[in-house]
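Participant: Given the structure of chain A, go ahead and fit chain B onto it with the hints provided.
Protein chains: 2
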Amino acid sequence: MAKKFAELEARMAPEARAQAQALYLQHLKELPLHELRKAQELSQEALAKKLHINQAAVSKMERRTDMYISTLRNYIQAMGGELEIIATFADGQVKIENFAE
Amino acid sequence: MAKKFAELEARMAPEARAQAQALYLQHLKELPLHELRKAQELSQEALAKKLHINQAAVSKMERRTDMYISTLRNYIQAMGGELEIIATFADGQVKIENFAE
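Here the protein sequences come in this chain order: A and B. Taking the UniProt record's numbering, the leading residue of the first sequence gets 1, the next gets one more, and so forth. Taking the UniProt record's numbering, the leading residue of the second sequence gets 1, the next gets one more, and so forth.
Source of the hints: derived by calculation from the structure; they are not laboratory data. Warning: the hint list may mix true and false statements.
The list makes no distinction among identical chains, and a pair is therefore deemed to hold if it is satisfied within one copy or across any two copies.
[As the list claims (entries may be wrong)] Under the rule of at most 25 Å between Cα atoms (straight-line distance), these lysine-lysine pairs were calculated in the BS3-like manner: (1) Lys38 / Lys50; (2) Lys29 / Lys95; (3) Lys95 / Lys60; (4) Lys29 / Lys49; (5) Lys60 / Lys38; (6) Lys50 / Lys95; (7) Lys60 / Lys50; (8) Lys38 / Lys49.
Extracted from the complex, chain A is given alone in its bound form (with noise of 0.2 Å):
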């Protein structure tokens, strides 16, 4: 299926490609961190345990409205997850590689 979906993409011109990349962005779920932390089913206290801090650090780093990529990278690994920073332009999307690992 993956396979169909790059054969798919390799049949469209460049616009429409761009398109169905905005439109597939706008149509990703949008979640606060907290409730990504629940969707995972952990604990502040877990999470806090796998980040070497305490459940009231996490929970002052839940309520931030701006901090560090390498915080919110942490943040989202100690889940199990992978952070990915887009750069969204009216002509398609690009990956911001500066903060790789």
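Facilitator: Positioned in the frame of chain A, the structure of chain B alone reads:
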């Protein structure tokens, strides 16, 4: 064309959709910030002007391997783009909405 993509996606089983999504993100072009700026045909001077900082500050920013999400968002927006923060898990992706403007 965008409609066709949405229809195809809707017909896919959840696991296949997660696979297709992961595949899509894997296939995105990866660029460091300075290459992205050049692709937008902007000089450090031009971007500095938009950000109300000097050229040296832009140069320094482009060499950083960590920064605040708000700083990165300002840089991307000055180029005419939008920043998206995605967490990728084995079973799919979610957008992190804590840092929405």
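Participant: Which numbered hints are broken by the structure, listed smallest first?
Facilitator: The structure breaks only hint 4.
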